[in-house]
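Student: This is what each chain is made of:
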Amino acid sequence: MKSKKRSQLIWLYALLLFITVITVGPFFITLLISLKSANEGIYTVLFPTDPTLANFIDSFAKADFGLYFLNTVIVTGIAIPLNLIFCSLAAYPLARMDFRGRSVVLALIISTMMVPFQLYMAPLFQLAGELGLRNSHIGLVVMQVSTAFGIYLMRQAFLRIPKELEESAYLDGASKFKVWYLVAIPLVKPTLVTLAIFTFMGTWGDYLWPLLNSTESSMYTLSIGLAQLSQNFDGANLKLISAASILTTIPTLLIFIWLQKYFISGATDGAVKG
Amino acid sequence: MARQPIVTEPIARSKPVPKRKKWRASFFTPWLFLLPSIVILGTFLAYPIIEAFHWSVLDYKIIADTGEYVGLANFREIFTDSTFWKAFVNTLLFLLIVLPLNVLLPMILAVLVNQKIRGVSTFRVLYYLPVVTPMVVGALMWKMLYSQNSMISQVLVWLGIFDSPTNLLVQSSTALVAVSMITVWKGLGYYMIIYLAGLQSIPKDVYESASIDGASVFQMFTRITFPMLMPSVTLVSVMTIIAGMKVFEEIALTTGGGPAGATTTLVMYIFDNFMSLDVSTASAAGLVLLIMAIGASLLQMKLTSKRENDLRA
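Line by line, the protein sequences are chains X and G.
With our numbering, the residue at position 256 of the first sequence is 262, and numbering never jumps.
With our numbering, the residue at position 232 of the second sequence is 220, and numbering never jumps.
Treat the hints with caution; some may be incorrect.
As the list claims (entries may be wrong) - What the simulated footprint calls covered on chain G by chain X, stretch by stretch (three residues with Cβ under 8 Å from a Cβ of chain X suffice, anywhere in the stretch; the number is not a length):
no., region
1, 23 to 29
2, 264 to 272
3, 276 to 283
Stated by the list, open to error - To give an idea of the interface, some chain G residues facing chain X are shown, with a C-beta separation under 7 Å as derived from the structure:
no., residue
4, Thr17
5, Leu114
6, Pro118
7, Val125
8, Tyr178
9, Lys192
10, Val194
11, Ser197
12, Ala198
13, Ile200
14, Ser204
15, Ala231
16, Ile258
What the hints assert, rightly or not - When the alpha-carbon atoms are kept at most 30 Å apart in a straight line, the in silico DSS-like pairs for lysine-lysine are as follows:
no., chain 1, residue 1, chain 2, residue 2
17, X, Lys11, G, Lys74
18, G, Lys104, X, Lys267
19, X, Lys184, X, Lys195
20, G, Lys49, G, Lys234
21, G, Lys234, X, Lys267
22, G, Lys234, X, Lys11
Simulated from the structure, these hints should not be mistaken for lab results.
Beta carbons: idealized from backbone N, C-alpha and C, even for Gly.
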C-alpha cells in the first residue's frame, strides 16, 4: 500500500515538472539565448559556452531600450494613480448614493466593457491627432486613466463593505467627499491593489494602441521597441530580441512575486465581470 | 475639491435641514464624483464608438477628414469580400481549437495543484508566469521556439510527425494551430485559478464519503469533481470566447496574418484595413465583431443567471 502511494507521488511530481517545462521553458530558453556571445549559434547548443551580458548592454546602447523603458515607466506611472482615483471616485456614488440617472450611467459604463477596441481604434487615432496627443505620454494612456472595468470593480468593492461605518461618519457631520476619502477608501484597499495590478498589466504590455499612437521612435514603449526590433528576425538580432524580452518581463515578474496573493484573488475578481 | 458646508449633507435624519439646500447638495454631489470619469470615458470611449458607427455608413477619408454618405455599401463590400469570410471562418476555427484546450488543460492543472503535497504552491506560481508576461514577449518567445532549427520542429521530427524540420508558423495548414497554442499557453495559469476557486468550493466530506464507499480516484473525478465544476466550465468557456475573438498580438507578431491569409482573423482584417487607411471598411467589420461580442455577452448572462437559479433551487 505504502509503495503504491509512493509511486503515485513520483508520477504526480513528474507530471507537475513536465507542465513546468511547458510554462517556464520558453523563458528559460530565451534567457539562455540572450546570454550567448556574438559568434555562438542560436540553436546549435542549448547552453551558452561563453555566457555574456553583451546583448543586454547592446539593447541599451544600440537599440535605445533605456528610452523605451523610461517611456513605459512614465506611462504606467501616470495610468495607475489616475485610474485608481477616477475609478474609485466614480464608483462611489454608483454604489452608495441614490440619484436620478444612476442606473442609466451604470448600464452605459458596463455595456462599454464588451465593445472591442478594434471597433473604435481608427476614430480614436484621429481624435488623438486632433487633440495633439499623438506621440505624447498622455496620448498613450488615454485608454487607461479611467476604465469601465475599474469602475465596475470598485463599485463591487464598495457594495461589499458595511454601510454602518459611513452612516456614523455622516452623523458626526462629515461631507460625502470626506466619508469617501476617510472611511470608504481605506476599507477597499485590497481591491485598489487589484485594480493597480490590472492597470499595470494593461499599460506595461499594451501593444496595439501604442503601435498606432507612437509614430516616432522617441515615444516607443518596450512593447513597440521589441516589436520593431523583431522586424529583423534572424541571426545575431535574435540574441538582442531575447535580451530585450527578458528586460521587458523582469519588472512584471518582480511585481508578480511581490504581490502574488493579489494577482490570484484579482484573477477571480476579474472573472466575474465577463 | 472645495470644502463643502457640512449642513448641506443628508445628515438630515438627525437634524432638519432646509429642503431646497438639501436637494441641491444631493443633486450635484454624485455628479461631481462621476465628473472626471464621464469626461474621460465620454471623450476617449463613447465619442470614438459613435464615430465608428458613423464612419461605417460613410466613404470616410481619414487624411482629408471627410466622407460621403454611402449607406450600407461598406457592409455590402465586406460581405462580398472573400478575405472577410476567410477571416470570419478563421476566427471561428481559432475559437474551435482554443475552446476545448482552455476548458480541459487548466482543469487538469487545477486538480494537480490542489493536491496537498509539498512544494505545490511553487508550481502554482510557475504555472501563472505566462499570464503575467507581456503578450509581445510571449509571442516573440514562441516565434523563436517555432523556428525551423529550434526545439519544436526537432521534437516533431523526433516524434515522427514530420520528416524534415518544419516551422509550423509558415505552413498554411498548421499556422492557425501554432498561433492558438500561444494563446492556450498564455491562459493556462489564469483559467487554472478560476478552476481552483471552483474546486475549493466543493465540500470535502463529499470525497470522504465517496472514498468510504470505495470509489477510485478516477471515479471521484468523473462523478464528483467534474459535475461540481460545471459553473467554472461555463465561465472559462465564455471568457475564452470573448477573449479569443479579440486575439491580436499572437498573430500580428508571429505570422502577421499569413501565410496566404491562413491566420487572418477578424481583428487582423480590421487592422489591415485600417493600415491601408480604409477606415470605413474597418468600421463596418468592427461592427460585425461588436455584434459577435454582444452575442457572447448575452450568452454569458443567460448561462450565469441559469447558474444562479440552479444554485437557488
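Student: None of the hints should be skipped; say for each whether it holds.
Tutor: Verification of the supplied hints:
1. Taking a C-beta to C-beta cut-off of 8 Å, the region 23 to 29 of chain G contributes 5 residues in contact with chain X, enough for the three needed, and the coverage statement holds.
2. Coverage of the region 264 to 272 of chain G by chain X holds in this model, with 3 residues showing a Cβ closer than 8 Å to a Cβ of that chain against a need of three.
3. Counting residues of the region 276 to 283 of chain G whose beta carbon lies closer than 8 Å to any beta carbon of chain X gives 4, which reaches the threshold of three, so the coverage claim holds.
4. The interface hint given for Thr17/G holds, since its Cβ lies 5 Å from the closest Cβ of chain X, which is under the 7 Å cut-off.
5. A distance limit of 7 Å between C-beta atoms decides the matter here; for Leu114/G the minimum to chain X is near 5 Å, and the interface restraint holds.
6. Annotation: interface hint on Pro118/G holds; nearest CB of chain X at approximately 6 Å, less than 7 Å.
7. With a least beta-carbon distance of about 5 Å to chain X, the hint placing Val125/G at the interface is held under the 7 Å criterion.
8. Because the smallest distance between the Cβ of Tyr178/G and any Cβ of chain X comes to about 6 Å, under 7 Å, the interface hint for this residue holds.
9. Look at Lys192/G: its Cβ only gets to about 19 Å from chain X, farther than 7 Å, so that hint breaks.
10. A least Cβ separation of about 21 Å between Val194/G and chain X goes past the 7 Å threshold, and the interface hint is therefore violated.
11. Interface restraint check: Ser197/G against chain X, minimum CB-CB distance 21 Å, threshold 7 Å, status violated.
12. Hint status for Ala198/G: violated, given a least beta-carbon distance of 18 Å to chain X, over 7 Å.
13. Taking 7 Å as the C-beta cut-off, the interface hint given for Ile200/G is violated, the closest approach to chain X being about 17 Å.
14. The beta carbon of Ser204/G is not positioned within 7 Å of any beta carbon in chain X (closest approach about 12 Å), and the interface hint is therefore violated.
15. The closest approach between the C-beta of Ala231/G and any C-beta of chain X is roughly 10 Å, which is over the 7 Å cut-off, so the hint fails.
16. The beta carbon of Ile258/G comes within 5 Å of a beta carbon in chain X, closer than 7 Å, and the hint placing it at the interface holds.
17. The hinted pair formed by Lys11/X and Lys74/G fails the criterion: a straight-line CA distance of about 52 Å is larger than 30 Å.
18. About 19 Å separates the Cα atoms of Lys104/G and Lys267/X, which keeps this hinted pair within 30 Å; it holds.
19. For a cut-off of 30 Å, the pair hint linking Lys184/X to Lys195/X stands: about 16 Å separates their Cα positions.
20. For the proposed pair Lys49/G and Lys234/G, the alpha carbon gap of about 25 Å is at most 30 Å, so the pair holds.
21. The hinted pair formed by Lys234/G and Lys267/X meets the criterion: a straight-line CA distance of about 28 Å does not exceed 30 Å.
22. For the suggested pair Lys234/G and Lys11/X, the alpha carbons sit about 45 Å apart, so the restraint of at most 30 Å is broken.
Taken one by one, the earlier hints fail for this structure at numbers 9, 10, 11, 12, 13, 14, 15, 17, 22, listed in ascending order.
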